[in-house]
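Residue numbers for the sequence shown follow my numbering, so the first one is 1 and each next one is one higher.
Hints should not be assumed to be uniformly reliable.
Keeping only pairs whose Cα atoms sit at most 25 angstroms apart, straight-line, the calculated DMTMM-like set for lysine to aspartate or glutamate is [as the list claims (entries may be wrong)]:
no.	residue 1	residue 2
1	Lys-18	Asp-44
2	Lys-121	Asp-132
3	Lys-76	Glu-111
4	Lys-81	Asp-23
5	Lys-18	Glu-40
6	Lys-3	Asp-51
7	Lys-76	Asp-51
8	Lys-3	Asp-24
9	Lys-124	Glu-88
10	Lys-124	Glu-111
11	Lys-3	Asp-23
12	Lys-18	Asp-51
13	Lys-81	Glu-136
14	Lys-121	Glu-102
15	Lys-3	Asp-44
16	Lys-18	Asp-72
Just so you know, these hints were derived from the structure itself, not from any lab.
None of the values given here were measured: they were computed from a predicted structure.
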Amino acid sequence: MIKTYSLYEAATGLFTGKRLHCDDEGLLAVRLPAGTLALEGAYDHRSQRMDLSTGAVVGYRPPAPSGDHEWDNVGKRWQVKAAVRGAESRTAVIYARIQALEATQGRAVREATLGDAAAMKRLKEIDAEINDLRKELARG
């Protein structure tokens with residue numbers, strides 16, 4: 001019968017995220033990378049580790065990726081804080097609006113170049129809105 005083994009670092013007890021599937025324990029030992037050991041079962045390297053002093057699998061919280069992250073006890077993962085996600089979403093909306101404004105200015109540029117005063121006014125309005133949006137990004 002083929003068994004699943006989770007690999008962990010012999011020095012730290014941290015699971016590597018790699019697994020071996022094997023039906024022969026002798027073959028398993030040959031396939032282990034240097035510095036790693038194997039434990040039968042499928043363990044989550046992002047929320048579990050081997051306690052080297054007891055030999056038991058225990059909960060593990062890796063270091064936070066950044067100060068913008070918070071630990072989710074249910075999902076057992078770091079996630080970006082809601083306030084940061086909201087700011088990122090607003091930034092994406094601003095960039096999309098700037099892109100849309102710039103995409104519409106081509107006709108106004110052509111008409112303004114040909115002397116159309118109304119087109120020049122539209123260009124100035126587009127430019128003013130883009131400048132306001134860029135200021136909002138800078139405050140971000």
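Quick rundown of the hints versus the structure:
no.	hint	verdict
1	Lys-18 x Asp-44	holds, 10 angstroms
2	Lys-121 x Asp-132	holds, 17 angstroms
3	Lys-76 x Glu-111	violated, 58 angstroms
4	Lys-81 x Asp-23	violated, 44 angstroms
5	Lys-18 x Glu-40	holds, 12 angstroms
6	Lys-3 x Asp-51	holds, 22 angstroms
7	Lys-76 x Asp-51	holds, 18 angstroms
8	Lys-3 x Asp-24	holds, 9 angstroms
9	Lys-124 x Glu-88	violated, 28 angstroms
10	Lys-124 x Glu-111	holds, 13 angstroms
11	Lys-3 x Asp-23	holds, 6 angstroms
12	Lys-18 x Asp-51	holds, 18 angstroms
13	Lys-81 x Glu-136	holds, 21 angstroms
14	Lys-121 x Glu-102	holds, 15 angstroms
15	Lys-3 x Asp-44	holds, 16 angstroms
16	Lys-18 x Asp-72	holds, 23 angstroms
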